[in-house]
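Student: Heads up: the sequence lines are chains A and B, in that order. 1 is the number of the first residue of the first sequence in the numbering used here; add one for each residue after it. 1 is the number of the first residue of the second sequence in the numbering used here; add one for each residue after it.
These are calculated hints, taken from the structure and not from any lab test. Errors might be hidden in some of the hints.
Said to hold, decoys possible - Derived contacts from chain B toward chain A, CB cut-off under 7 angstroms, selection only:
| no. | residue |
| --- | --- |
| 1 | TYR32 |
| 2 | ARG43 |
| 3 | PRO44 |
| 4 | LEU46 |
| 5 | LYS99 |
| 6 | PHE102 |
| 7 | ASP104 |
| 8 | GLY105 |
We treat Cβ as the ideally placed atom computed from N, Cα and C, and that holds for glycine.
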Amino acid sequence: DSGVTQTPKHLITATGQRVTLRCSPRSGDLSVYWYQQSLDQGLQFLIQYYNGEERAKGNILERFSAQQFPDLHSELNLSSLELGDSALYFCASSAPSDEQFFGPGTRLTVL
Amino acid sequence: GENVEQHPSTLSVQEGDSAVIKCTYSDSASNYFPWYKQELGKRPQLIIDIRSNVGEKKDQRIAVTLNKTAKHFSLHITETQPEDSAVYFCAASKNNAGKSTFGDGTTLTVKP
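So here's chain A without its partners, still in its complex pose (with noise of 0.2 angstroms):
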């Protein structure tokens, strides 16, 4: 166990909805980070959270966004889902350190 903790564990819904997938960081860490995984694919950097404020954007699409709450967790929302949304998508977090913790993810499915 990690110590990351990620809700939904599923999460199955249609084209057109919009979801919102939650991450609790380790006791202590302050950044946090988002990354989607589909099918045999890599992991692709979303975005990252230090303390409150965005510090880093990948691929993110617009109709992706996320915020990080003055309790550290975060919340990544998902928003016109498309078939192709449909993927792994996990939270890590990480103190100053680098290394980064991730957590179980979520499993978007988009029917």
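Got chain A; can you put chain B on it based on the hints?
Tutor: For chain B alone, coordinates are given in the frame of chain A:
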């Protein structure tokens, strides 16, 4: 931005043989290079990492080497076992708690 290339994409070895996976990076300012192992359906987990002030690091059967001049780093697994079968990802980042760029992954299969 940073670009990380990882080779090979698939690797099959016999149990007991060694396995080597190589990554190259483009940004000379990158200074932290972790390797993650991801078993099917599970989260990536750090197995070893190296910083730019070190050329080699070893942890039991796993070692990582870094060549800053050539901008490449490699993962070496010796005496492979079937439980080493997984997808391995390399990554590069350039500041503390900064964004990591991942390679596309290598699927390692160890045949008993």
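Student: Once the shortest beta carbon distance from PHE102/B to chain A is found, is it less than 7 angstroms?
Tutor: 5 angstroms, holds
Student: Holds or violated: the hint that ASP104/B contacts chain A, with Cβ atoms closer than 7 angstroms.
Tutor: Because about 4 angstroms separates ASP104/B from the closest Cβ in chain A, which is inside the 7 angstroms limit, the hint holds.
Student: Is the interface hint for TYR32/B satisfied, with its Cβ closer than 7 angstroms to some Cβ of chain A?
Tutor: 5 angstroms, holds
Student: Against chain A, run the beta carbon of LYS99/B and see if the smallest gap drops under 7 angstroms.
Tutor: Holds. Min distance 4 angstroms.
Student: Using 7 angstroms as the Cβ threshold, decide whether LEU46/B counts as touching chain A.
Tutor: 5 angstroms, holds
Student: Closer than 7 angstroms between Cβ atoms is the bar; does PRO44/B clear it against chain A? Give me holds or violated.
Tutor: The hint holds - PRO44/B has a Cβ within 7 angstroms of chain A, the shortest such distance being about 5 angstroms.
Student: Less than 7 angstroms between beta-carbons is the criterion; does ARG43/B satisfy it with respect to chain A?
Tutor: With a minimum Cβ separation of about 4 angstroms from chain A (threshold 7 angstroms), the hint on ARG43/B holds.
Student: Is the hint on GLY105/B kept, meaning its closest Cβ partner in chain A is under 7 angstroms away?
Tutor: 5 angstroms, holds
Hint compliance for this structure: no hint is broken.
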